[in-house]
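Visitor: Listed here are the chains, written in short residue letters.
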Amino acid sequence: MKISPLRVRVLIQKEMRQLFRDPKTKRVMFAAPIIQLLLFGYAVNTDVRNVTTVVVDQDRTAESRLLQETLTASGYFRIVEAGDSPRQIEAALDAGRAVMGVQIPPGFALALKAGEAATAQILIDGTSSNTATVAQGYAGRIVRDFALDRASERGLPTEAGIDLRARAWYNPDLSSQVYNVPGVIGLLLLLMALLLTALAVVRERELGTLEQLMVSPINPKELMLGKTVPVLIVCLVDLAIITVVALLWFHIPLRGPIVALLLAAFVYILAGLGAGLLISTISKTQQEAFLTMFLFILPGIILSGFMYPVDTMPEVFQHLTLLNPIRYFMEMVRGIFLKGQGIMDLWIHFLVLTGMALTAVWGASQRFKKSLE
Amino acid sequence: MDLHRLLAIARKEAIQLRRDQRSLILAFALPLFMVLFFGYAISWDVKDIRLGVWDQDGSRASRELAEVFEASGYFTILERPASYREAEEGLSKARVRGVLVIPPGFARDLLAGRRVPVQLLLDGSDANTATIAQNYAGAIVARHSSQVLLGGGDMPLLAGAETRIWYNETLESRNMIVPGLVAVIMSIIAAMLTSLTIAREWERGTMEQLASTPVKAVEIVLGKLLPYLIIGFFDVFVVVTAGILVFDVPFQGSPLLLGVLSILFLFGALGVGIFISSVAESQVVAMQVAMVATYLPAILLSGFLFDISGMPTLLQGITYLIPARYFVVVTRGVLLKGVGVGAMWPQAVAMIVFAAVGLTLATRIFKKEIKA
Numbered sequence: 057m058k059i060s061p062l063r064v065r066v067l068i069q070k071e072m073r074q075l076f077r078d079p080k081t082k083r084v085m086f087a088a089p090i091i092q093l094l095l096f097g098y099a100v101n102t103d104v105r106n107v108t109t110v111v112v113d114q115d116r117t118a119e120s121r122l123l124q125e126t127l128t129a130s131g132y133f134r135i136v137e138a139g140d141s142p143r144q145i146e147a148a149l150d151a152g153r154a155v156m157g158v159q160i161p162p163g164f165a166l167a168l169k170a171g172e173a174a175t176a177q178i179l180i181d182g183t184s185s186n187t188a189t190v191a192q193g194y195a196g197r198i199v200r201d202f203a204l205d206r207a208s209e210r211g212l213p214t215e216a217g218i219d220l221r222a223r224a225w226y227n228p229d230l231s232s233q234v235y236n237v238p239g240v241i242g243l244l245l246l247l248m249a250l251l252l253t254a255l256a257v258v259r260e261r262e263l264g265t266l267e268q269l270m271v272s273p274i275n276p277k278e279l280m281l282g283k284t285v286p287v288l289i290v291c292l293v294d295l296a297i298i299t300v301v302a303l304l305w306f307h308i309p310l311r312g313p314i315v316a317l318l319l320a321a322f323v324y325i326l327a328g329l330g331a332g333l334l335i336s337t338i339s340k341t342q343q344e345a346f347l348t349m350f351l352f353i354l355p356g357i358i359l360s361g362f363m364y365p366v367d368t369m370p371e372v373f374q375h376l377t378l379l380n381p382i383r384y385f386m387e388m389v390r391g392i393f394l395k396g397q398g399i400m401d402l403w404i405h406f407l408v409l410t411g412m413a414l415t416a417v418w419g420a421s422q423r424f425k426k427s428l429e
Numbered sequence: 042m043d044l045h046r047l048l049a050i051a052r053k054e055a056i057q058l059r060r061d062q063r064s065l066i067l068a069f070a071l072p073l074f075m076v077l078f079f080g081y082a083i084s085w086d087v088k089d090i091r092l093g094v095w096d097q098d099g100s101r102a103s104r105e106l107a108e109v110f111e112a113s114g115y116f117t118i119l120e121r122p123a124s125y126r127e128a129e130e131g132l133s134k135a136r137v138r139g140v141l142v143i144p145p146g147f148a149r150d151l152l153a154g155r156r157v158p159v160q161l162l163l164d165g166s167d168a169n170t171a172t173i174a175q176n177y178a179g180a181i182v183a184r185h186s187s188q189v190l191l192g193g194g195d196m197p198l199l200a201g202a203e204t205r206i207w208y209n210e211t212l213e214s215r216n217m218i219v220p221g222l223v224a225v226i227m228s229i230i231a232a233m234l235t236s237l238t239i240a241r242e243w244e245r246g247t248m249e250q251l252a253s254t255p256v257k258a259v260e261i262v263l264g265k266l267l268p269y270l271i272i273g274f275f276d277v278f279v280v281v282t283a284g285i286l287v288f289d290v291p292f293q294g295s296p297l298l299l300g301v302l303s304i305l306f307l308f309g310a311l312g313v314g315i316f317i318s319s320v321a322e323s324q325v326v327a328m329q330v331a332m333v334a335t336y337l338p339a340i341l342l343s344g345f346l347f348d349i350s351g352m353p354t355l356l357q358g359i360t361y362l363i364p365a366r367y368f369v370v371v372t373r374g375v376l377l378k379g380v381g382v383g384a385m386w387p388q389a390v391a392m393i394v395f396a397a398v399g400l401t402l403a404t405r406i407f408k409k410e411i412k413a
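Those sequence lines, one after another, are chains Z and F. Take any residue in the first sequence, note its place counting from 1, add 56, and you have its number in the working numbering. Take any residue in the second sequence, note its place counting from 1, add 41, and you have its number in the working numbering.
Bound conformation, chain Z alone (with noise of 0.2 Å):
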């Protein structure tokens, strides 16, 4: 069956007036991904400051109130209730009202002085275990500076020793907004191919105008291709809004080639609209394609590196994320926003991404082409 230009063309234009007459659908299309993203941009931040915390200073000396001093300057911890028994940490805590305690025993300051070990006890909620572990290396190293600048003002030896000084690279400030935004991109690319695309074929089919199309002379081809020029334009111009909102909202820099997330882009919106074709033409109803489209996105976005790293993941679980396409483009995205990779750094990723969008189209529209017989 050859293609004609001329049935695509008009195809195209009958799909375009369906997807821009409904206004609900046109602020689906538009608005929700800006408001998406200026929301999520801000939630997706793992960066711990200004962590909730307690303080019972038994002590009340000057160092005791120095220590805390020095905890709340660093920006890590900030103090939001301050008592004298340690049964206020306790309720603090179980309430959720603060993340730490940090108790300062009666002696501190003596101890200090007298040249004996002084302890601080600290006592961290761990339910939210990321910040607990983040917060205990902060307070960690502060108090050992504490230490270090104390023992020096008293003239004791702190020069020699080994000094860590670490270094960032791509991201100095260590700031997860930049790791994270670029993949809030990716996710709302996605869930963007996917529901301008589950629905389409078995909407026509429930509504009764696919035997009218059928009769028509379009082939499977030509109507797949109708099918997904519009959804791959109204992407387009999608990741153009939010990579815009991206650049100058977040400043999120941009450090690859733009053709390379363009051409990123355009492969895996092709994957994504493929997969949402897929589903559509397996399902028989609305209802069934919601489901189905329900039980593949979970997996594919907590399989994708895009919260949790893949290397943390179980063995089993970091080869089945090779079967994921948003996995691919989280790398690329990143890479290119953050590390200034292009083309020819991602091949490997560019081609297996192609691969899959190419067989989930085609299977696409194998699929149809045998519901149609």
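The set of hints was computed from the structure by calculation and includes no laboratory data. It cannot be assumed that every hint is accurate.
What the hints assert, rightly or not - Cut-off 35 Å, straight-line C-alpha distance, at most; resulting in silico cross-link-like pairs (DSBU-like, lysine-lysine): (1) F:K412 to F:K53; (2) Z:K425 to Z:K82; (3) Z:K426 to Z:K277; (4) F:K53 to Z:K340; (5) F:K257 to F:K409; (6) F:K412 to Z:K82; (7) Z:K82 to Z:K277; (8) Z:K70 to Z:K425; (9) F:K408 to Z:K82; (10) Z:K58 to Z:K82; (11) F:K409 to Z:K70; (12) F:K257 to Z:K340; (13) Z:K340 to F:K412; (14) Z:K58 to Z:K277; (15) Z:K340 to F:K408; (16) Z:K277 to Z:K340; (17) Z:K277 to Z:K425; (18) F:K53 to F:K409; (19) F:K134 to F:K88; (20) Z:K426 to Z:K58; (21) Z:K80 to F:K53; (22) F:K409 to Z:K340; (23) F:K257 to F:K53; (24) Z:K425 to Z:K340; (25) Z:K82 to Z:K340; (26) Z:K80 to F:K257; (27) Z:K426 to Z:K70; (28) Z:K82 to F:K409; (29) Z:K425 to Z:K80; (30) F:K409 to Z:K80; (31) Z:K58 to Z:K340; (32) F:K412 to Z:K80; (33) Z:K80 to F:K408; (34) Z:K425 to Z:K58.
Predicted model, so just to flag it, every value in this text is computed and none were measured.
Using the hints, position chain F against chain Z.
Guide: Just chain F now, with coordinates in the frame of chain Z:
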């Protein structure tokens, strides 16, 4: 409101549900599948950080430092670059997360009692892992440094911190993730179950039949909610049991409290679904709105992964509109902290308000549409 009519609607909805085998199976199996899948797959525990060591000194002391990193369990030494180029390549190709650079003259200076700088180059693109790696490395180096200086034994630090972790002593991320998952899974399932129920009746034309009977709008909304409430409650039970049996998540608090609070939560979350369903006229729109309004917000804005206290004030305000937000606090509080009503009442009140407002709005919009 007539209880008899309400129950009749509930029975009708239950019969319809029973006929729709596929949806029913999904309603029961999906939550279990999700908790097993995610419980196994995801972990935020930072262990075995891949490290390169560029040892420019090649002395015994420098090898010892590298060994200490390896022995800590937090780092695995994968490669030993011999030049800046090689170190850089390892980082940019993401073969390693960090490179430890030990300068020439390390051993000599250390023995001479001078301060020796050691550099740690980190791949900062994943800020979270990089921060944790940096903290671990700092602690390891400080400890090793004092041991070297004093020839074994810890330096009697003048001040120290004795840290204890509560509720989740080993800081296992699974203990944080599984209770949160209960809340997220349930709010997604709840919206998914109910978001199509009213839109479907409109599309099929059966809503007019219902409207011509003496049944009132409140009775339809509550009657449609009831079967899903039972399914949802059963799902909470299954997911929590799976978390305890399969993932060894502790259950410190009272099961009764969790039960009561989950019913309150389900009223709110199912109410949101019904609200969406009565606003949308077609199943397509209901699906699009449900996905956009509940799916990602439940994951990203509930405090399940990203701490709410770290968000800007405006966004913190918006999170109060996400029912999962309250339930995440409840599941973590009851399962991990073992706290009682005393600490949980703000959440309980919030969920009651949420359910009341959600159901009232749904009923009101629904009433308007029947009249129109």
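Visitor: A separate judgement is required for each hint: does it hold in the structure or not?
Guide: Taking the hints in turn, this is what the structure says about them:
1. F:K412 to F:K53: Holds, at roughly 23 Å.
2. Z:K425 to Z:K82: Holds, because 30 Å separates the two Cα atoms, which is no more than 35 Å.
3. Z:K426 to Z:K277: holds (12 Å)
4. F:K53 to Z:K340: holds (24 Å)
5. F:K257 to F:K409: holds (12 Å)
6. F:K412 to Z:K82: holds (27 Å)
7. Z:K82 to Z:K277: holds (27 Å)
8. Z:K70 to Z:K425: Holds - the C-alpha atoms of K425 (chain Z) and K70 (chain Z) are around 21 Å apart, at most 35 Å.
9. F:K408 to Z:K82: Holds, at roughly 27 Å.
10. Z:K58 to Z:K82: OK: K58 (chain Z) and K82 (chain Z) at ~33 Å, within 35 Å.
11. F:K409 to Z:K70: With a Cα-Cα distance of about 34 Å, the restraint between K409 (chain F) and K70 (chain Z) holds, given a limit of 35 Å.
12. F:K257 to Z:K340: Holds, because 33 Å separates the two Cα atoms, which is no more than 35 Å.
13. Z:K340 to F:K412: Satisfied, since the Cα-Cα distance of roughly 33 Å is no more than 35 Å.
14. Z:K58 to Z:K277: holds (9 Å)
15. Z:K340 to F:K408: Roughly 32 Å between the alpha carbons, so the hint for K340 (chain Z) and K408 (chain F) holds.
16. Z:K277 to Z:K340: Given that 35 Å is the threshold and the Cα spacing comes to 21 Å, the pair holds.
17. Z:K277 to Z:K425: holds (9 Å)
18. F:K53 to F:K409: holds (23 Å)
19. F:K134 to F:K88: holds (20 Å)
20. Z:K426 to Z:K58: The given pair, whose Cα atoms are some 18 Å apart, holds under the 35 Å limit.
21. Z:K80 to F:K53: holds (31 Å)
22. F:K409 to Z:K340: Holds, at roughly 32 Å.
23. F:K257 to F:K53: holds (15 Å)
24. Z:K425 to Z:K340: holds (15 Å)
25. Z:K82 to Z:K340: holds (26 Å)
26. Z:K80 to F:K257: holds (29 Å)
27. Z:K426 to Z:K70: Holds: K426 (chain Z) and K70 (chain Z) sit about 24 Å apart, inside 35 Å.
28. Z:K82 to F:K409: Distance of about 25 Å is within 35 Å: holds.
29. Z:K425 to Z:K80: Roughly 31 Å separates the two Cα atoms, so the pair holds.
30. F:K409 to Z:K80: Holds, because 19 Å separates the two Cα atoms, which is no more than 35 Å.
31. Z:K58 to Z:K340: Distance of about 29 Å is within 35 Å: holds.
32. F:K412 to Z:K80: holds (22 Å)
33. Z:K80 to F:K408: holds (21 Å)
34. Z:K425 to Z:K58: holds (15 Å)
Going through the hint list in order, the structure satisfies each hint without exception.
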